[in-house]
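> What follows is each chain in one-letter form.
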Amino acid sequence: MPDSAATVPGRRTGFIDGVRVIFARETGAYFDSAIAYVYAAVFLLLAHAIFMNGFFLESVLDLGEYFRVLPFLLALFIPAVTMRSWAEERSQGTFELLMTLPLRSFAVVLGKYFASLGFYLAVLAGSFPLVLMLLFLGKPDLGLIAASFAGAVLLGALFLAIGIFISGLTREQIVAFVLSTFACALLVLSGEVKVVEVLDGLTPSWQVGTWLYETVSVLPHYESFCRGVITLGDTAYFAITSAFFLAMNEITLKLARY
Amino acid sequence: MITVDKLTKRFANLTAVSSVSFALEPGELVGFVGPNGAGKSTLLKMLSTFLYPTSGRITIDGIDASKDPLEVRRRIGYLAGDTPLYPEMRADRFLAFLGKAHGLRGRALEERLRWVIDACGLEDALRKRIKECSTGFRKRIGLAGALVHDPKVIILDEPTHGLDPLQVVAFRDLLGRLKPGRTIILSSHIISEVAHISDRLLIIHEGVLLADGSLEELAAREGLPHDDLEGLFLKLVKGRGQEAVKAAHAG
Chain A
1 MPDSAATVPG
11 RRTGFIDGVR
21 VIFARETGAY
31 FDSAIAYVYA
41 AVFLLLAHAI
51 FMNGFFLESV
61 LDLGEYFRVL
71 PFLLALFIPA
81 VTMRSWAEER
91 SQGTFELLMT
101 LPLRSFAVVL
111 GKYFASLGFY
121 LAVLAGSFPL
131 VLMLLFLGKP
141 DLGLIAASFA
151 GAVLLGALFL
161 AIGIFISGLT
171 REQIVAFVLS
181 TFACALLVLS
191 GEVKVVEVLD
201 GLTPSWQVGT
211 WLYETVSVLP
221 HYESFCRGVI
231 TLGDTAYFAI
241 TSAFFLAMNE
251 ITLKLARY
Chain U
1 MITVDKLTKR
11 FANLTAVSSV
21 SFALEPGELV
31 GFVGPNGAGK
41 STLLKMLSTF
51 LYPTSGRITI
61 DGIDASKDPL
71 EVRRRIGYLA
81 GDTPLYPEMR
91 ADRFLAFLGK
101 AHGLRGRALE
111 ERLRWVIDAC
121 GLEDALRKRI
131 KECSTGFRKR
141 IGLAGALVHD
151 PKVIILDEPT
161 HGLDPLQVVA
171 FRDLLGRLKP
181 GRTIILSSHI
191 ISEVAHISDR
201 LLIIHEGVLL
211 ADGSLEELAA
221 REGLPHDDLE
231 GLFLKLVKGR
241 GQEAVKAAHA
251 G
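Residue numbers (the working numbering), protein chains in the order written: chain A, 1 to 258; chain U, 1 to 251.
Hint data in this document are derived by calculation from the structure and do not stem from the laboratory.
Being a predicted model, the structure only gives us computed values, none of them experimental.
Incorrect hints may have been included.
Straight-line distance between alpha carbons at most 30 Å, and here's what the computed DSSO-like set of lysine-lysine pairs gives [what the hints assert, rightly or not]:
id : chain 1 : residue 1 : chain 2 : residue 2
1  : U       : K235      : U       : K6
2  : U       : K179      : U       : K6
3  : U       : K67       : U       : K179
4  : U       : K6        : A       : K254
5  : U       : K6        : U       : K238
6  : U       : K67       : A       : K254
7  : U       : K128      : U       : K67
8  : U       : K131      : A       : K254
Which stretches of chain A does chain U cover? Using the computed rule of at least three CB atoms under 8 Å from a CB of chain U, they are [unchecked claim]:
id : region
9  : 27-38
10 : 101-110
For each residue, glycine too, the CB sits at the ideal point set by N, CA and C.
All chains, full assembly: derive it from the sequences and hints.
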């Protein structure tokens with residue numbers, strides 16, 4: 001009887017099982033939160049409004065304008081999604097609960113990450129009616145659209161990794177939001193031609209704008225996808241930088257317990 | 001079951017726990033007592049593997065906590081002092097989440113859930129979101145979460161805080177039922193809360209273990225009647241305790 005005989009549960013929770021358990025809890029938390037639906041609605045409304053405006057002005061059968069604006073919107077939307085990830089755990093004390101479960105800390109990080117990715121993909125799927133509309137109106141380049149969506153997924157995946165990492169540094173959600181927005185905006189704005197020109201103009205001998213564009217910005221990698229070009233280099237860039245921030249997330253979680 | 005050897009925890013200039021050693025056996029119910037800020041919670045956080053010790057060693061069920069913390073966590077049921085719960089989750093889903101995290105599935109999970117729900121009297125709160133439950137129910141949900149995987153070691157930080165007298169009696173009864181075969185550690189800053197149900201008391205002050213023994217042993221050692229709990233506590237902490245703390249911190 002459980003009253004009198006303590007036992008150790010039959011099997012150790014494996015890494016994948018750990019990811020799955022955390023993923024399920026976090027996914028439930030996302031889809032159970034009214035504020036998440038508000039973020040998603042605002043994001044889709046803005047993205048669609050900007051697309052429709054360009055679409056009616058230029059009458060071109062593609063989603064180019066949508067994908068051009070997307071990085072700027074994601075720099076705001078994704079920090080709003082990830083800000084609660086760890087900061088809320090810390091503020092409500094459940095960080096201690098999570099870190100004393102028999103799960104590898106990286107499994108917990110990945111569970112949280114994949115749940116946020118799932119939520120992002122669900123929101124991104126809200127753009128599919130635009131594709132259906134283009135198909136109804138004519139024959140858009142579906143290959144280009146698919147490549148652009150792939151770029152949007154990878155860009156979002158990177159921003160989510162950054163947002164979750166920054167959320168792990170603080171117990172204040174608003175601090176996590178501001179810092180993540182700043183980081184994502186830096187990665188996007190450093191790839192904007194006008195910003196590059198202004199920075200180069202301010203630092204003619206150092207060419208800071210060009211340096212940021214070539215080394216820091218995500219836009220050159222993202223824009224390749226939006227041109228319909230999927231290269232191993234660009235894909236690896238997103239995969240490696242996302243993995244880097246997730247690994248950093250795990251390290252900072254461990255450091256917080258010293 | 002639990003061996004703690006010269007355990008120390010320092011935060012910057014503060015020594016929260018200073019070279020504490022003790023050993024606990026299965027079937028023992030032990031009360032950690034000390035004033036607020038004595039280092040009880042820090043010690044329990046290290047036992048739960050949440051905090052890494054600065055030095056020293058913890059062995060639970062023969063497993064070194066620093067070498068295999070996951071295997072140690074499978075054997076521990078830990079309820080932190082502030083009863084951390086997910087307020088948006090339903091109580092039943094929260095308990096199922098903890099059970100799954102401990103590797104329970106299918107019928108084993110169902111059986112354990114049924115047992116903790118019954119043992120902690122949670123039937124009325126199961127379908128509610130945790131944030132809608134009273135403080136007493138939240139504490140019981142936390143306790144159920146700590147017991148869901150049938151741990152060999154149960155560590156409860158200030159477990160009766162927020163419970164009404166009837167719930168405290170039910171809680172003590174539950175601990176009595178759980179005791180055989182398990183090691184149970186309770187902490188409190190109020191000696192009377194744990195003295196009468198504990199087989200052993202560990203008195204901690206400023207991170208130093210001042211006394212270790214049954215209530216009767218400690219009272220006899222200090223020349224006090226064993227029902228003078230506050231007198232015993234004050235004598236240990238304010239009298240000999242100050243010298244012991246000074247000596248430990250100097251050493």
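> Next step is simple, just say for each hint if it's right about the structure.
Going down the list of hints, with the structure as the test:
A C-alpha spacing of about 25 Å is found between K235/U and K6/U, which places the hinted pair at or below 30 Å, so the restraint holds. For the hint linking K179/U to K6/U, the alpha-carbon distance of about 27 Å falls within 30 Å, and the restraint holds. Between K67/U and K179/U the alpha-carbon distance is near 27 Å, which keeps this suggested pair within the 30 Å criterion. A C-alpha spacing of about 23 Å is found between K6/U and K254/A, which places the hinted pair at or below 30 Å, so the restraint holds.
Pair hint K6/U plus K238/U holds up; C-alpha atoms about 23 Å apart against a cutoff of 30 Å. For the hint pairing K67/U with K254/A, the CA-to-CA distance comes to about 15 Å; that is within 30 Å, so the pair holds. Between K128/U and K67/U the alpha-carbon distance is near 39 Å, which puts this suggested pair outside the 30 Å criterion. The straight-line distance between the Cα atoms of K131/U and K254/A is roughly 29 Å, inside the 30 Å bound, and the hint therefore holds.
Look at the region 27-38 of chain A against chain U: 4 of its residues bring a Cβ nearer than 8 Å to a Cβ of that chain, three or more, so the hint holds. Counting residues of the region 101-110 of chain A whose C-beta lies closer than 8 Å to any C-beta of chain U gives 4; at least three are required, and the coverage claim holds.
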